[in-house]
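Participant: Sequence:
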Amino acid sequence: MKNSITIQLDEDTLKEITSAVKEAVKEQLPILADFKKDWLTTEEVMEMMNVSRRTVQNYRDEGKIPYTKEGRKILYPRQGIEEFLQDNMIKAYR
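At position 1 of the sequence shown the residue is numbered 843 (this note's numbering), and the sequence of numbers has no breaks.
If you're looking for bench data, these hints aren't it; they were derived computationally from the structure.
Be aware that one or more of the hints could be misleading.
Result set (SDA-like, lysine to any residue): computed pairs, CA atoms no more than 25 Å apart in a straight line [what the hints assert, rightly or not]:
1) Lys879 to Leu851
2) Lys915 to Lys857
3) Lys868 to Met888
4) Lys915 to Pro872
5) Lys879 to Thr860
6) Lys915 to Tyr935
7) Lys915 to Trp881
8) Lys911 to Ile873
9) Lys879 to Glu925
10) Lys915 to Asp903
11) Lys911 to Met888
12) Lys857 to Lys868
On a predicted model such as this, the values are computed, not experimentally measured, just so you know.
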C-alpha cells in the first residue's frame with residue numbers, strides 16, 4: 843500500500859520552488875550535453891561507422907570497440923570509436 847502526502851503551498855512559495863527547480867535543470871543541461879558528446883548510442887555508432895547493428899555487436903563481442911553497459915543500455919566512448927576507425931584506416935599509396 844502506497845502512502846499519499848499532500849502539501850499545501852501558497853502561490854509565492856510554489857513560484858519560488860518552481861523557479862529553483864528550473865534553475866537547477868538549466869545548470870545541469872550543459873553537463874548532460876557534454877556527456878552526450880562523449881558517449882554514443884548504438885544507433886549513433888552505426889551511423890558514424892556506416893555499419894549495421896549486427897556489425898557493431900560483432901565488434902563489441904570481439905573486443906574491437908570499447909563500451910559500457912548498464913542494464914540493457916549500451917554506450918560507446920566517442921574517443922574509442924574514433925581510435926578504432928583511425929587504427930583501421932588504410933593509407934593511400936601515393
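Participant: Any hints this thing doesn't respect? Which numbers, in order?
Facilitator: Numbers 1, 2, 3, 5, 6, in rising order.
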